[in-house]
Structure formats: structure tokens, C-alpha cells
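Please model the entire structure based on the sequences and the hints provided.
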Amino acid sequence: MNTSARTPLRELKMVDIVKRFPGVLANDGVNFDVRAGEVHALLGENGAGKSTLMRQLYGLYKPDSGQIIIDGQPRVFQSPADAIHAGVGMIHQHFMLVSSLTVAENVALGLASTRGPRLDLDRVAERIRGLAERYGLKVDPSAVVWQLSVGEQQRVEILKALYRGASLLVLDEPTAVLTPQEAQELFVTLRQMADDGHALIFISHKLHEVLALSHRVTVLRDGRLVGTYPTAEMTRADLARLMVGREVLLQYDRPPAQPGETRLQIDGLWAIGDRGVDAVRDFSLTVRAGEVVGLAGVSGNGQRELAEVLTGLRQPSRGKVTLNGRDVTHASPAERIAAGQCAIPEERMRTGVIKDFSVLENAILCDHSHRPFSRNTVLNFGEIAAHTRRLIADYAVKTPTAETPIKNLSGGNIQKLILARELCRKPTVIIAAQPTRGVDIGASEYIHHRLLEQRAAGTATLLISEDLDEIRALSDRIAVIFEGRLMGVVDAATATAESLGLMMAGTRQTE
Amino acid sequence: MSEATSVVTRAAARSAWARRLQGWQGALVPVAAVVVALMIGAVVLVGLGADPVKAYSSMLEGAFGSVSGFTQTLVTATPLLLVGLGVTIAFRGGVINIGGEGQLIVGALAASAAALYLPLPGVLLLLAALIAGVLGGALWGAVPGALKAQLGVNEILSTIMMNQIAIQLANYLLRGPMIDPKEVEAGTRIAQSALLPADSWLVRLVPRTLLHGGSILALVMAVAVFFLLWRTTVGYRIRAVGLNPDAARYAGIPVKRYQMLALILGGAFAGLAGAVEVLGVQHRMLEGLSGGYGFSGIVAALFGKLHPLGLIPASVLFGGLLVGGDKMQRSVQVPDALIVALLGLVVLFVVGSDYIMRKRAAKAQSHE
Ligand SMILES: Nc1ncnc2c1ncn2[C@@H]1O[C@H](COP(=O)(O)OP(=O)(O)OP(=O)(O)O)[C@@H](O)[C@H]1O
Ligand SMILES: [Mg+2]
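Residue numbers (this note's numbering), protein chains in the order written: chain A, 1 to 511; chain B, 1 to 368.
Calculated from the structure, these hints are not laboratory results.
So the derived label-pair ranges between C-beta atoms look like this: (1) S149/A - I165/B: 45 to 51 Å; (2) S68/B - S100/A: 55 to 61 Å; (3) R390/A - R231/B: 20 to 26 Å.
The C-beta atom is built at its ideal place from N, Cα and C for all residues, glycine as well.
See below:
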């Protein structure tokens with residue numbers, strides 16, 4: 001089967017798409033179109049219906065009504081296989097690769113071989129190299145997937161789609177998991193693909209990316225179409241207003257920090273990473289009451305392992321961690337929680353929630369054994385429901401009911417619930433890893449306000465983020481990590497983007 | 001009750017109903033699987049020259065058509081339900097307990113020993129025997145549990161090994177220390193214990209049948225397990241650990257301890273099944289007492305969608321299949337092996353359809 005011989009699609013239209021879930025009208029008569037050679041951005045708040053719209057395009061859901069028209073022909077996709085056959089590819093936020101297979105094997109998976117029943121991996125690898133070169137997708141076809149970084153895995157997903165002859169590619173928040181550098185490389189790839197006549201749909205909550213990359217932008221709000229606009233005529237403020245209905249600045253007036261006693265102290269910490277080499281090396285840092293310390297760095301430089309040690313999921317090999325004066329170096333997660341620490345995990349679907357539990361059950365994940373949620377081990381659902389509804393209201397979590405399984409919520413709304421759950425516990429120390437990843441700008445602003453409220457209330461916050469703007473907007477001091485080592489700690493007020501950039505690239509702080 | 005809480009409970013009840021209804025739709029799938037398996041069985045029956053209509057009607061008649069048949073179905077369903085409850089708890093906790101057979105045997109041994117050797121009067125003896133059965137099964141579940149928690153030993157392997165040990169233990173005890181002195185006297189030496197004192201017997205519910213109080217106990221237990229899993233913090237933690245151990249650990253739940261607890265509770269219920277079988281039906285411990293209930297209970301649990309209340313009809317249905325299959329074999333004179341094969345087919349289809357449904361659901365829900 002030579003998939004690339006198919007004529008590429010020129011135009012795809014979605015007409016009057018309606019999609020209902022129990023209690024939610026996720027898409028309400030949406031019209032959307034994309035043409036060969038363009039990047040069409042899809043914007044909207046968390047739960048606006050972007051992923052739902054795209055899943056219908058990819059055959060994962062069937063529209064309740066409405067039509068998908070490709071080059072004038074109405075099409076019905078029963079499954080992703082139909083969509084792939086029609087030239088549609090989709091890059092999900094969670095990759096669907098088999099981690100024990102090589103890149104080439106993953107790409108060839110589920111495809112008929114070009115010659116007889118034997119899988120001709122050499123030819124696959126050959127074609128992968130050709131595609132990779134053309135689109136700047138650096139990846140070794142013989143590498144095994146589990147060894148690849150998130151960015152590399154994403155490239156494999158793109159290659160897989162291209163290999164199957166996709167002429168329309170949907171990318172659902174592809175940059176949420178990438179470092180800024182990786183995102184730039186992805187944009188080079190996407191531009192090249194558009195120049196080659198591919199049609200691209202790009203979802204992102206980062207407005208500057210939308211402005212930099214797309215030709216047209218469509219805004220959704222509460223499942224309805226707000227409009228489709230040429231990107232060149234739009235500004236950041238315009239887009240924010242269309243999405244949220246008001247100005248969003250993401251700049252905060254912060255009173256100067258009044259740091260109190262030391263709450264979290266990390267001394268000479270070492271930890272071994274998943275691949276058996278030191279991921280955190282001789283790392284020391286202090287976070288005091290009433291201050292936000294930002295930890296900046298290119299992802300993969302030990303931030304994840306550090307956060308895991310601080311939350312009790314990973315044992316350090318050397319060094320000491322002190323929490324509110326108590327040695328917690330080897331304490332369990334439960335002991336740390338009891339000592340007043342709360343954590344916002346980086347991988348929310350893996351560690352933040354139990355996806356088959358309801359919103360309500362997830363809201364009490366850490367507190368279910370405390371009053372008033374339970375008494376003598378019997379859960380009190382009246383109290384739990386009331387508490388959950390308070391969280392939902394306070395954080396504007398979009399969910400049909402508190403009993404809805406949390407996996408049915410949109411990504412950003414899941415994150416909001418995690419934040420609501422953690423911050424309402426009045427922690428003394430917060431470890432926040434990528435707290436606004438995948439969260440829309442309105443909600444990001446809200447989350448930032450909440451974190452600053454905690455700061456004013458005297459909480460010590462360690463903010464781990466790849467988003468330098470977020471770090472600079474919230475932090476009092478900025479620490480930079482590179483290859484597991486602390487490159488330095490600078491005052492946020494005087495730090496320049498250049499000096500931070502140098503440190504993130506491995507130059508130690510001078511002066 | 002205040003206005004606000006009554007609104008909450010009403011809303012909760014409504015959505016619970018919606019969920020249960022979906023559950024019932026899902027419950028049609030195993031029923032359909034049984035029908036397909038029986039249809040394939042019909043083809044084989046025709047091939048063997050037997051009349052499938054007659055065969056299946058005698059099966060239905062045998063299992064549900066008369067008081068004696070139906071009570072026998074219920075008697076068979078009782079250990080299935082109890083073992084199934086244990087399997088359900090373990091599965092919900094993310095551990096796979098294949099050790100029902102061994103746990104049941106040890107529970108039965110322990111209950112018989114208590115009834116034979118403890119000098120307790122009246123109902124206390126029954127109570128002590130039941131508790132001994134529970135503890136025996138729990139111990140047999142605790143060993144794989146501890147091995148998993150401490151050394152990371154796969155519980156599928158260790159529970160199967162514990163089955164073997166239990167069989168050998170029964171073998172030894174029933175030929176040695178626990179053998180019925182009358183058997184020794186008579187020189188027949190059948191491997192069984194002495195008759196248990198009547199004080200330890202479970203009450204018979206219908207005269208001239210085997211239906212006993214253990215069936216009611218099992219029903220109560222099903223409701224209790226439902227309450228445990230969905231209304232208590234212990235059950236909440238077991239389910240959290242089963243669904244997402246990473247998130248559970250992150251939230252401060254000691255994952256290994258709850259996996260171990262799930263195996264212990266699983267063993268306890270299988271042990272109770274053994275005790276009930278001894279105290280309600282046989283009134284003595286004998287070899288082959290389990291009759292494969294330890295394995296059939298796993299199937300019943302899957303049949304009941306791993307839900308304690310779903311297990312009630314599921315075990316009655318599966319019990320009916322076992323009883324009815326027996327009757328059918330006698331009425332149409334087909335080889336014994338065919339009945340075994342037919343039940344095997346049912347198991348295969350039920351488990352297979354469940355697997356496919358779950359994969360489908362996972363696919364439809366693959367998020368983002
Ligand atoms: N499988 C589902 N079952 C029930 N409701 C769902 C399902 N999938 C999505 N929804 C609901 O549909 C709405 C739209 O969700 P969708 O995932 O499309 O949002 P989104 O725009 O992609 O948001 P985000 O930016 O947070 O990813 C949400 O309210 C969500 O709760
Ligand atoms: Mg989405």
C-alpha cells in the first residue's frame with residue numbers, strides 16, 4: 001500500500017456540528033473549515049469544545065448532527081481508520097506510541113507492508129529519514145521509543161501521520177509539553193508542511209504562538225462559534241477579548257515580599273533518575289514563608305526528579321530536606337501532607353487525579369479520612385458534595401455535575417479542580433509544577449491570583465515552570481537548574497531574560 | 001434532614017440511578033455471551049445426535065423449574081457469591097486473586113477444626129467456626145499479599161501456588177490428624193473428617209432441601225461489601241489504589257498496604273465460602289469439597305461486572321448453569337466432558353466479551 005499516492009485534500013469543511021454529552025452541549029452548531037497550505041488555529045477557553053470538535057474530525061466521536069465535507073464530498077467517519085484513510089491525522093496530547101518498539105516499528109505498526117507479508121523495516125526507516133529531513137524532524141528511526149524525550153516522541157507521532165499520507169494534521173495542544181526551544185523547532189516543521197500544501201489545525205492556549213504561526217484563527221466559546229478571523233488582523237488583546245470576554249494581562253501588582261521563617265530547606269540533594277544516572281546533583285535551595293521562589297530551566301534538567309523527591313515519590317541518594325523544621329528527607333507522601341505541604345503534580349492525568357473517579361471523589365483524594373468528609377471510616381457524601389460544589393464554584397470548574405467522572409472534563413478543568421483541591425487545604429508549603437500547563441489564559445490569571453493570595457497569607461511556594469513569563473510574573477527569587485545543578489538564584493526584580501537564558505544554558509551565576 | 005442535604009441526596013440518587021441503568025445495559029453483554037456459547041453448544045449437541053431443545057429445556061428445568069432444583073441452584077450460588085465478593089474486592093484493589101480455591105479449602109479446614117475441637121456451647125460454636133473459616137482464608141490471602149508488598153512477588157503466581165499448598169494440606173490433614181475415627185475403625189479410610197457437632201450447623205431454610213442460612217449470610221455480605229467499597233474510606237482507598245496507584249501514592253495512600261489488604265479481604269471471603277459449605281451443606285470436611293468453586297467464583301465475579309450487587313444475580317445464573325448442566329447431562333446422555341466444555345465456552349465468552357468491552361471503552365475514552 002502506498003499511502004502517499006492518494007490525492008491530498010484541498011479543503012475540509014465542518015458544517016453545523018452539534019455534539020452533546022450528558023449534561024453538556026460541547027459543540028453547538030459549529031462551522032469550521034481548513035484549506036491546504038494554511039495553519040488554522042483553534043482557540044477557546046477550557047471546555048469550549050476544541051478537542052471535541054477535532055475528535056469528530058478524526059472519527060473518535062460521531063457528531064449528533066452536522067456534516068464533514070472534504071473537497072465537496074460529504075464524508076462520515078466511523079472510526080479513526082476512516083479518517084486516516086481520508087488523509088486526516090491527529091497528534092494527541094497523550095502520545096499513543098508503543099514504548100518498547102523502535103521508531104520505525106511504531107511508524108509501521110498497523111500498516112500493510114510494501115512487499116508481501118514480511119515487514120520491511122529498512123524501507124520504512126528509509127522513508128522516515130526522507131520525511132524527517134524534509135521537515136526538520138530530527139529522530140533516529142532505530143531508537144527505542146521509551147528512550148526518547150517528550151519532544152522526540154511528538155516528532156515520531158508527526159512522522160507516523162505523515163507516513164500514513166496525512167494531508168490534514170490536527171495538533172491538539174502540541175506545545176503544552178514542549179520547551180520553548182522545542183516549540184520553535186516544531187513551528188519550523190509546521191511552516192514547512194504548510195508550504196508543502198498540508199492543511200494544519202493547531203490548538204494552543206498560548207496566544208503568542210497562535211499569532212506567530214497561524215494564517216487564520218477560529219475562536220470557540222461555550223461550544224459555540226465566535227468567529228473566524230485572519231490572524232494578521234488580530235492582536236493578543238483582541239484574541240483574549242474574543243475568548244474570555246474581557247482584557248487579560250497576566251501582569252500582577254505584587255506588594256514586595258516579606259519573607260518570614262524558612263519553611264522548605266533543601267541541602268546538598270542528590271537523586272538518581274529513571275535512566276540510572278544522577279538527575280539532581282548537589283542541589284540546595286531555601287524557600288521562606290511568604291515568598292514565591294521560581295525554579296526555571298529547560299525541561300529534562302532534573303526538575304521532575306526534584307519535585308518527586310520533594311513529594312516523597314522518589315528517594316534521594318544523598319542530602320537533606322527540611323519541611324517546617326522537620327527532617328522529611330525520607331518521609332512518605334502522607335507524612336509530608338500531614339506536615340502541611342501540598343503539591344500540584346506535573347503529570348495531572350498520571351498523578352493528579354484518578355480518572356475513573358468522579359469529580360467528587362477526586363476532590364477528597366488527600367482529605368477523605370478527615371472530618372467532616374468521613375467519620376469512623378464512613379464517608380459522608382452530603383459534606384463531600386457540598387465541599388465539591390464549593391470548589392467547583394470558587395474555581396469555575398466546568399462540569400455537568402459533581403458526580404461526573406473526571407475524565408469527561410476538559411484538560412484545563414481537571415487542572416483547575418486539582419488546584420482547588422490542593423489550595424483549599426491551607427498549606428504552609430506549595431510545590432507547584434507547571435500549574436497552568438494546558439490552562440486557558442483567563443483561568444491562568446485566576447490561578448496566579450490564587451497563588452499570590454497564598455503568598456500574602458504567608459505560604460512558601462516553590463514554582464517549577466518552563467514558562468519564563470509565568471516565573472517572572474510570580475516569583476520573588478528565581479533559581480535556575482541545569483543538568484540537575486543549581487546555576488544560581490537571582491532576585492526576580494533585577495533578573496534579565498538574557499542572564500536567565502545564560503544560566504538555563506549552563507552558565508553559572510557570576511557576581 | 002435539612003432542605004439542602006435532601007436536595008443533594010436526591011441529586012446523588014438520580015445520577016446513581018443513571019449510572020446503574022448504564023450498568024444494566026452493560027450487564028446484557030455477558031448474558032448475550034452466555035447465549036452465544038449455548039448456541040455453539042447446541043451445534044455440538046446436534047453433532048452428537050442429541051436434541052438440543054430437549055437438552056436445554058432440561059437444563060432450564062433442572063436449574064430453575066422445581067423447588068428442589070432451584071434451591072440446589074441457590075445452594076451452589078452461595079459459595080460462588082462469597083468467593084466472587086473476595087475476587088471483586090481484590091480486583092477493585094488492582095490485584096488479581098486466583099487463590100480462591102486454596103483459600104476456600106483452608107477456610108473449610110479451619111471451620112471444621114474449630115467446630116470439632118473447640119468446647120463451645122450452642123450458637124457460639126457456629127460463630128467460632130465461621131470466624132475460623134474467615135481467618136483461615138484471610139491467612140491464605142495474607143501470604144501472597146505480604147509477598148507482593150515486601151518482595152514484589154506477582155500475586156497471580158503466588159496465589160496459584162497457595163492453591164497447591166492448600167490442596168496438599170487438606171490431603172495430609174484429612175488422611176492424618178483430622179480423619180474421621182469411624183473411617184479408621186471401619187478400615188475404609190475415606191479422606192474426610194468426623195461429622196461436625198449439630199450445634200455448628202447452619203440452619204436449613206426449606207425442609208427436605210439443602211438450602212441453608214449461609215445463603216442469607218452471603219446476601220448480607222454482598223450488601224456489606226458494597227457498603228465497604230463505596231461508602232467507607234477503606235473501600236475508597238482500595239478503589240483508588242486499584243484504579244491509579246501513582247495518584248493514590250501521591251495523595252498519601254500507602255499503596256502496598258492496601259493491595260495487601262485487598263488480598264487479605266479476598267481470602268477472608270473465600271474462607272467464609274469454605275466455612276459455609278462445610279457448616280451448611282456437608283457438615284464435615286471432605287476432599288473435593290470445593291468443587292472448583294474457587295475458580296467458578298472468579299467467573300461469577302466477572303459475570304457480575306465486579307460489582308458486589310451485580311454478583312447476586314450473576315452467581316445465581318452461574319449456579320443454575322452448574323446445576324442445570326448436571327441435569328442436562330443425565331437427561332440427554334451426553335458425555336460428561338461436553339458439560340465441562342460447555343461451561344468452559346461460557347467462561348471464555350463471558351471473559352472475552354468483558355475484555356473486548358473494556359478495551360472499547362478505554363479506546364472511546366482515550367483522553368486528549
Ligand atoms: N467523553 C465525554 N463525556 C462527557 N463530557 C465530555 C466528554 N468529552 C468532553 N466533554 C465535555 O465537553 C466539553 C468540551 O470539552 P473539550 O475537551 O472539547 O474542551 P476543550 O476546548 O478541548 O478544553 P481544554 O482547553 O481544557 O482542553 C467540556 O465541558 C467537557 O466536560
Ligand atoms: Mg482539549
